[in-house]
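There are 4 protein chains.
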Amino acid sequence: MRHIVIHIKSLDQRGIISLYTEMLSSLSINILKLEQHVEPDDKLFFMRIEAELLEDKTSIEGLKDHLSKTDSKVDGNSKVFDKQKKQNIAILVTKESLPLYDILIKNQTQEINSNIKTIISNHKVLEPISDQFDIEFRYLDLSDKSYAEKELLSILDQEQIDLIILARYMQIIPDSIVNRYKDRMINIHHGFLPAFKGQKPYHKAWERGVKIIGATSHYVTSELDEGPIISQDVVSVDHHHSIKEMINSGRNLERNVLVNAIKAHLEYRIMTHGRRTIVFNQ
Amino acid sequence: MRHIVIHIKSLDQRGIISLYTEMLSSLSINILKLEQHVEPDDKLFFMRIEAELLEDKTSIEGLKDHLSKTDSKVDGNSKVFDKQKKQNIAILVTKESLPLYDILIKNQTQEINSNIKTIISNHKVLEPISDQFDIEFRYLDLSDKSYAEKELLSILDQEQIDLIILARYMQIIPDSIVNRYKDRMINIHHGFLPAFKGQKPYHKAWERGVKIIGATSHYVTSELDEGPIISQDVVSVDHHHSIKEMINSGRNLERNVLVNAIKAHLEYRIMTHGRRTIVFNQ
Amino acid sequence: MRHIVIHIKSLDQRGIISLYTEMLSSLSINILKLEQHVEPDDKLFFMRIEAELLEDKTSIEGLKDHLSKTDSKVDGNSKVFDKQKKQNIAILVTKESLPLYDILIKNQTQEINSNIKTIISNHKVLEPISDQFDIEFRYLDLSDKSYAEKELLSILDQEQIDLIILARYMQIIPDSIVNRYKDRMINIHHGFLPAFKGQKPYHKAWERGVKIIGATSHYVTSELDEGPIISQDVVSVDHHHSIKEMINSGRNLERNVLVNAIKAHLEYRIMTHGRRTIVFNQ
Amino acid sequence: MRHIVIHIKSLDQRGIISLYTEMLSSLSINILKLEQHVEPDDKLFFMRIEAELLEDKTSIEGLKDHLSKTDSKVDGNSKVFDKQKKQNIAILVTKESLPLYDILIKNQTQEINSNIKTIISNHKVLEPISDQFDIEFRYLDLSDKSYAEKELLSILDQEQIDLIILARYMQIIPDSIVNRYKDRMINIHHGFLPAFKGQKPYHKAWERGVKIIGATSHYVTSELDEGPIISQDVVSVDHHHSIKEMINSGRNLERNVLVNAIKAHLEYRIMTHGRRTIVFNQ
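Residue numbers (this note's numbering), protein chains in the order written: chain A, 1 to 282; chain B, 1 to 282; chain C, 1 to 282; chain D, 1 to 282.
Where hints are given, some of them may not hold.
One copy or two, it doesn't matter: identical chains are merged, so the pair holds either way.
Listed below are the simulated DSS-like cross-link pairs for lysine-lysine, each with C-alpha atoms no more than 25 angstroms apart in a straight line [unchecked claim]:
(1) LYS43 - LYS33
(2) LYS43 - LYS204
(3) LYS117 - LYS150
(4) LYS182 - LYS204
(5) LYS182 - LYS79
(6) LYS86 - LYS244
Think of the hints as simulated: they come from the structure by calculation, not from any bench.
Start from the sequences and build out the full structure, keeping to the hints where you can.
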């Protein structure tokens with residue numbers, strides 16, 4: 001028995017749920033969870049199905065053939081994911097320890113279920129944390145940007161990285177990597193996007209005198225802090241909060257918001273639609 | 001075209017979504033939204049379908065026949081609701097004006113979509129609000145409890161009340177009415193259940209020194225404040241909050257939580273399972 | 001016995017709390033609450049004192065003299081407010097009923113303690129609500145802007161308005177009025193400032209795919225949506241929320257946030273410092 | 001220059017702030033922050049002052065003498081704390097790693113400013129985490145309760161422990177230790193007290209069908225989960241959440257709530273009044 005997730009995307013039309021579920025039923029595939037959503041602006045239908053596949057009856061490849069036939073009837077587009085196969089992760093960091101710690105701790109307790117293959121950084125400050133958790137640490141020298149880009153690409157290749165996590169990595173990612181990891185690279189921004197884009201969001205928040213600060217995780221696109229938002233959270237502040245205290249309050253948000261996004265991604269609960277994400281519940 | 005909602009409840013089993021959606025598809029019924037949930041403790045399957053029914057093809061009665069045949073295949077239990085038919089509401093109040101105002105205002109702006117037939121109270125304090133919104137107000141004299149019970153039952157009958165709302169009605173409802181309005185009578189409790197059941201929850205909260213207070217809406221059962229919870233919300237308090245300030249802070253919660261519950265009920269988004277509710281998203 | 005509030009602002013320096021409290025003590029003024037705050041950027045000291053003044057011992061005018069002497073010792077600046085004197089309010093609205101309702105209801109229950117002198121609008125949609133609460137409604141014809149400005153100024157004069165509330169008034173306020181009502185005109189913006197300034201914030205939020213929406217009340221300055229923020233609140237949304245549902249969710253926020261700001265203002269709990277507000281607790 | 005905190009508690013009376021601040025001023029002590037609060041039930045006055053003491057002018061001992069004289073005038077009770085002296089901490093744990101990790105991480109980043117002297121546990125599961133952070137781990141064998149109590153007392157003595165943290169320590173603390181560490185032993189309860197006291201709060205919450213779960217940190221008293229609450233936080237859940245998912249959601253709360261309480265305690269921001277805490281802002 002294999003635990004799988006299916007993503008289906010097509011133009012909205014009558015009978016579409018019945019069409020796919022009937023096909024799955026004919027293959028003795030047991031649906032555990034089904035969620036659907038229609039985006040109203042361009043009438044797109046999104047569906048996520050979590051199911052059990054009896055491998056002596058159908059293989060994942062066999063299912064893909066059936067899905068592709070169904071897709072062609074409705075001009076849809078399906079993907080199947082093997083929920084039991086762990087994804088390979090690379091974490092990019094600079095100096096901030098808290099989000100890194102949280103990912104490592106929750107990977108250890110299996111709340112996050114993945115293979116963390118490597119931690120990559122342009123500084124050596126966080127190397128001891130890699131050591132604590134016995135994960136390989138690689139220092140990335142950014143003095144020669146084009147060399148660094150090649151090196152990074154080569155690490156991603158070599159480690160067969162499925163998901164890149166920017167856990168407060170304070171550098172721009174080259175477009176070559178952004179494009180290759182479309183919807184597979186997650187950043188945490190320490191501000192409540194779209195407010196306070198770019199650098200020093202807490203300083204800006206303090207100066208503007210906001211009463212609530214936030215953190216935002218999103219897929220990375222070539223435009224800074226403009227990718228599809230996956231998760232956000234906020235915390236109240238008042239006039240007593242210095243910038244330093246805002247940073248401390250924000251840190252707890254950042255790590256929670258980032259871990260939420262990572263979990264949603266690894267559980268194949270996210271589908272994107274332009275700058276919007278559909279984040280299914282379960 | 002008629003906008004309907006279908007509730008399906010059965011033992012969880014393979015093929016169940018396909019079975020119902022296929023049947024609907026065969027009747028040219030267009031599914032707008034589908035949500036399902038399995039309660040893990042006794043493996044019960046719950047599904048809510050929102051759909052458009054072409055009345056020249058099928059009537060609601062015709063659909064009921066088909067559903068009942070499908071039900072018998074899986075030992076299920078279905079209900080169909082006409083989303084376009086407004087439900088009749090009776091609101092019971094005592095002296096607290098805010099939740100009453102909110103229901104009346106939101107019924108007026110059609111955020112709540114219902115016929116408010118009557119406001120019933122054991123006090124006359126809120127009669128002017130009924131007048132403001134041109135809703136009939138009935139004073140219920142509780143000095144003779146058994147007479148009052150009969151009178152209340154007769155009003156509910158006469159006005160064909162579908163849903164009773166206890167908007168801070170500070171009296172016990174007789175069991176005859178509780179039983180008749182099972183899952184159709186909603187109470188707002190001004191405390192974060194199951195803490196602070198019964199009277200004076202804010203006083204108890206102040207004495208216990210809690211840092212967060214809450215409000216809870218639930219279906220009424222014969223046990224005080226023990227019915228299935230529909231909606232809850234909370235607000236932070238600190239040592240500065242006097243009991244009176246807690247009451248003020250709590251008031252905003254109460255009305256929001258109550259209106260949320262009413263909307264979920266009127267949109268047929270709630271199914272119950274013992275003391276738990278399944279509140280569908282949409 | 002008169003209930004007063006004192007605001008003190010000066011450069012931060014040693015002994016300042018003792019200096020003022022000693023003076024008050026010498027006048028037999030009983031301090032009920034004292035809060036202070038130092039803004040770190042330019043070392044400004046802010047203090048709010050709530051106190052009881054025995055009128056047979058000192059008048060408010062007498063206190064002002066003493067304060068002014070103390071001010072001169074530390075180059076400070078004090079103000080005294082009479083907490084028992086109700087402030088006169090003008091509410092400006094367009095078509096949105098909920099924030100208006102909330103102010104009127106809470107003024108009626110005395111949670112807001114003020115004289116609402118007039119409701120002014122460029123539309124007649126909300127006139128029936130004025131009638132419900134027996135408040136004078138004035139229609140402001142904006143076809144001749146300069147005439148409308150004069151008329152508005154004359155109403156504010158005539159009614160001796162202390163505080164202007166823009167309860168979703170969708171028009172620009174002329175600078176003449178903005179300047180005159182500096183720190184005495186409160187707007188509610190239906191977005192989480194500084195994100196989504198200007199018009200249609202919910203549409204922008206939907207398109208950007210944010211997971212949390214907000215509302216912001218602030219003092220009005222000549223720059224649109226840039227005045228000092230008094231209060232903010234947020235609510236979570238997800239992909240299911242249509243723009244219309246966002247608007248509905250936001251409405252509850254807007255009124256709460258606006259009423260919070262009004263209460264803080266009327267209780268003399270707000271001091272401003274550039275674009276920042278100090279909102280004292282009590 | 002020494003950074004100190006003063007706690008003052010007395011019956012509420014006129015002139016009390018002036019009396020203490022004047023005395024401090026006369027000793028050239030610079031007040032950085034002052035907060036006061038009156039508990040309305042028994043008219044008790046609480047004040048916290050954060051100040052800078054010029055050690056060539058006054059010693060902490062000298063200040064204590066002056067405070068004691070002032071206390072005697074108003075029948076008050078003062079305490080002085082040296083903010084620069086790190087407190088010694090013992091952490092008691094069982095098997096849950098997340099709160100322990102969070103304390104250790106935040107002590108490392110100096111968000112928590114203390115000497116963590118020892119981690120004590122009735123299991124060996126968390127010993128590797130002690131090793132990661134180079135803190136001494138002591139296994140406490142509970143098979144002989146009276147021996148274990150003696151051993152625990154002896155560790156607390158030997159390490160001169162100022163604060164005991166129960167970071168999900170699932171055992172009852174003997175009264176001898178509870179009494180000795182009154183207002184100096186903090187527990188985290190994984191439920192929203194006073195609801196769901198005792199064991200398995202998440203199971204109880206699931207069965208009751210609550211829509212919000214919480215965590216509570218409190219000082220330990222001899223009555224289980226009845227001590228003064230320091231900090232609480234909550235998170236929304238819905239019917240989708242299994243008990244396991246509730247536990248995961250709750251874990252993030254627990255550690256945040258516990259760390260908040262620890263920080264408030266170490267910064268001398270907490271005063272207790274029966275079952276209530278006054279938690280000052282700054």
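When no copy is named, should LYS43 and LYS33 be tagged within, between, both, or neither for a Cα gap of at most 25 angstroms?
both (23 angstroms within a copy, 13 angstroms between copies)
Intra- versus inter-subunit Cα pairing at 25 angstroms for LYS182 with LYS79
Within one copy only: 16 angstroms inside a chain, 44 angstroms across chains, cut-off 25 angstroms.
With identical chains, the pair LYS182 and LYS204 could be close in the same copy or across copies; at 25 angstroms between alpha carbons, which is it: within, between, both, or neither?
between (29 angstroms within a copy, 24 angstroms between copies)
Should LYS86 paired with LYS244 be assigned to within, between, both, or neither, using CA atoms and 25 angstroms as the limit?
Between copies only: 20 angstroms across, 38 angstroms inside.
Using 25 angstroms as the alpha-carbon threshold, which applies to LYS43 and LYS204: within, between, both, or neither?
between (38 angstroms within a copy, 19 angstroms between copies)
Using 25 angstroms as the alpha carbon limit, work out where LYS117 and LYS150 are close: within a copy, between copies, both or neither.
within (18 angstroms within a copy, 46 angstroms between copies)
Consistency note: the structure conflicts with none of the earlier hints.
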